[in-house]
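Peer 1: Take a look at the letters that make up each chain.
2 protein chains.
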Amino acid sequence: MKKFLNSVDTVLTESLDGFAAAHSDILALGDEHKFVRRRELKPGKVALISGGGSGHEPLHGGLVGHGMLDAACPGQVFTSPTPDQMLAAVQAVDTGAGCLFIVKNYEGDVMNFDMAAEMSEGVLQVITNDDVAVENSSYTTGRRGVAGTLVVEKIVGAAAEQGMALPELKALGDRVNDATRSMGVALTSCTVPAAGRPTFEIGDNEMEFGVGIHGEPGRRRDALKSADAIAQEVCAAIAGDLGDRAKGPALLFVNGFGGTPSMELYLMYNSARKIFEKSGVTVVRSLVGSYVTSLDMAGCSITLTLLDDEMTALWDAPVLTAALRWGM
Amino acid sequence: MKKFLNSVDTVLTESLDGFAAAHSDILALGDEHKFVRRRELKPGKVALISGGGSGHEPLHGGLVGHGMLDAACPGQVFTSPTPDQMLAAVQAVDTGAGCLFIVKNYEGDVMNFDMAAEMSEGVLQVITNDDVAVENSSYTTGRRGVAGTLVVEKIVGAAAEQGMALPELKALGDRVNDATRSMGVALTSCTVPAAGRPTFEIGDNEMEFGVGIHGEPGRRRDALKSADAIAQEVCAAIAGDLGDRAKGPALLFVNGFGGTPSMELYLMYNSARKIFEKSGVTVVRSLVGSYVTSLDMAGCSITLTLLDDEMTALWDAPVLTAALRWGM
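Residue numbers (the working numbering), protein chains in the order written: chain A, 1366 to 1693; chain B, 1366 to 1693.
With the rest of the complex left out, here is chain A (with noise of 0.2 Å):
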């Protein structure tokens, strides 16, 4: 294993630590390091607060600050983060008006959010699933909420910001979701530091098509394509699922595992986007690069949200996190 790192028992928290003191002006670390919050509350805002397993940097902690989370509650290197941590996190940016826990589908993380929105007062829930890969997985049953959860994230976060009460977020949460499909390939596996060797065994030529990001295995492996092939195969993997709904204005995200250069990703995006205009769909937004990562392994996956105005509207209203910036 090659990583820099002192401890495989303290790589989070020295991480957490650097990721703290280097954005301090967005965010604040929870005792314990229990959740990162945004450093500044909004009263009578609802509070968005998301989290899941660690090694998927920059989500969820590069994801907090105006405009879209309130907090981020980092579990152990893929593994869910416990209810307490959420209880502290709701305790902490709560400010009266509700909480909406944005949530991957995965089974130990919606069964940890759902106990502490149990425990607590005026929490509602938005399960992202957009991965088309596979139905049911290592660890999910349905299908696995991937690097679509950052749209998810950003456009109900901007309407939190700008006043939207809880039950219509959860209504606009579970929208975006539905216009969101994602679809992964990897070229190599992640190695988790506790585990010290890779998740999974691949050739040198050959790649996992919808893959997980947790390194879940896809739908298959085959020899390693051109760049052209695998896109086709991801959109029209993206696109067949959608069926009808699969035209019109979209945000199409090209998002890298870790270990893939922004080189590759705008070569990526560059295929995938031909190939989705060529069907009909218009690409009026984009996103490229590494937001939604499996630790160090090198592959990408690609995200396409088809957007309405109030959509398109709300992903352009200002964010200032530490991942995602622009408008202030």
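Treat the hints with care, since some could be wrong.
Copies of the same chain are indistinguishable here, so a pair counts whether it falls within one copy or spans any two.
As the list claims (entries may be wrong) - With a cut-off of at most 35 Å between alpha-carbon atoms, the simulated DSBU-like pairs for lysine-lysine come out as follows:
hint: 1; residue 1: Lys-1590; residue 2: Lys-1367
hint: 2; residue 1: Lys-1368; residue 2: Lys-1590
hint: 3; residue 1: Lys-1407; residue 2: Lys-1535
hint: 4; residue 1: Lys-1535; residue 2: Lys-1639
hint: 5; residue 1: Lys-1643; residue 2: Lys-1612
hint: 6; residue 1: Lys-1590; residue 2: Lys-1639
hint: 7; residue 1: Lys-1643; residue 2: Lys-1368
hint: 8; residue 1: Lys-1535; residue 2: Lys-1410
hint: 9; residue 1: Lys-1643; residue 2: Lys-1535
hint: 10; residue 1: Lys-1367; residue 2: Lys-1612
Keep in mind that the hints were calculated from the coordinates and are not lab data.
Could you slot chain B onto chain A? The hints should help.
Peer 2: Same frame as chain A, but now just chain B:
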């Protein structure tokens, strides 16, 4: 070689096409992919032009926009751009106030930018050479220009946006370069697409101290060390080179080389910050991310820039590029 590509001959142009399409609100491509230019020029402003071999993205194209570069000339991967690229860029973005070239100190880059400067009117140059690792290297006489180049481009770019004249911008750029030191380490090699195999061999438990951003040898090959030990050695090299000046307010920039995820970069930032602060440096500004990369190399560099009030204010000034944006 495991990369997202269609053909090694078209990696660069396809990636640039995707980049320009994703950021068409900020920038545009010149004919024949000769340069990336700011979409809206500001008449009367000195034009800042940089460039160099590709493979270091987002440097330099990702730094084109308001408050930073007016144009960037991308060479082939790890290959200097040609003088006609710089001449075309000058022609496209010089609005009459002259041009400043910001050039990393590599022999090919220096020669080609020199040639273009001699063939133009009203061009001055800043050469960056912030890498303390080695004196002279594979492609360099003197010291290499590395991640500190971004700091020069940001600070000089802000001053140009505010109307500073060409000779003062040149002096400011030299001053920022003189206040900046960097050193990098590699855990793996990069792989140049046209070569198809790693640039250098490195053992499973080895690392390279002082590596260059093209995989050039550094100070020595050693067994993989802890993050703290790596940071200690890199920070000591930087502080030792600055000598008595290594104190007071500073920008700490931890830069990933392309294959290292942000979790590890923040952990390295945490180590480096503690080390510098123990020795009298006060970290007042921070940047953590993969900005000056070496394709898919796993590794990182640490850059320290000693800040005065003018430099700090210019660092904070609004910037709107693909890779760096704040204040607008």
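Peer 1: Does each hint hold? Answer for all of them.
Peer 2: Quick rundown of the hints versus the structure:
no.: 1; hint: Lys-1590 with Lys-1367; verdict: both (27 Å within a copy, 10 Å between copies)
no.: 2; hint: Lys-1368 with Lys-1590; verdict: both (28 Å within a copy, 10 Å between copies)
no.: 3; hint: Lys-1407 with Lys-1535; verdict: within (19 Å within a copy, 44 Å between copies)
no.: 4; hint: Lys-1535 with Lys-1639; verdict: within (33 Å within a copy, 42 Å between copies)
no.: 5; hint: Lys-1643 with Lys-1612; verdict: within (10 Å within a copy, 57 Å between copies)
no.: 6; hint: Lys-1590 with Lys-1639; verdict: within (18 Å within a copy, 45 Å between copies)
no.: 7; hint: Lys-1643 with Lys-1368; verdict: between (42 Å within a copy, 25 Å between copies)
no.: 8; hint: Lys-1535 with Lys-1410; verdict: within (14 Å within a copy, 48 Å between copies)
no.: 9; hint: Lys-1643 with Lys-1535; verdict: within (33 Å within a copy, 47 Å between copies)
no.: 10; hint: Lys-1367 with Lys-1612; verdict: between (44 Å within a copy, 32 Å between copies)
The structure agrees with every numbered hint stated previously.
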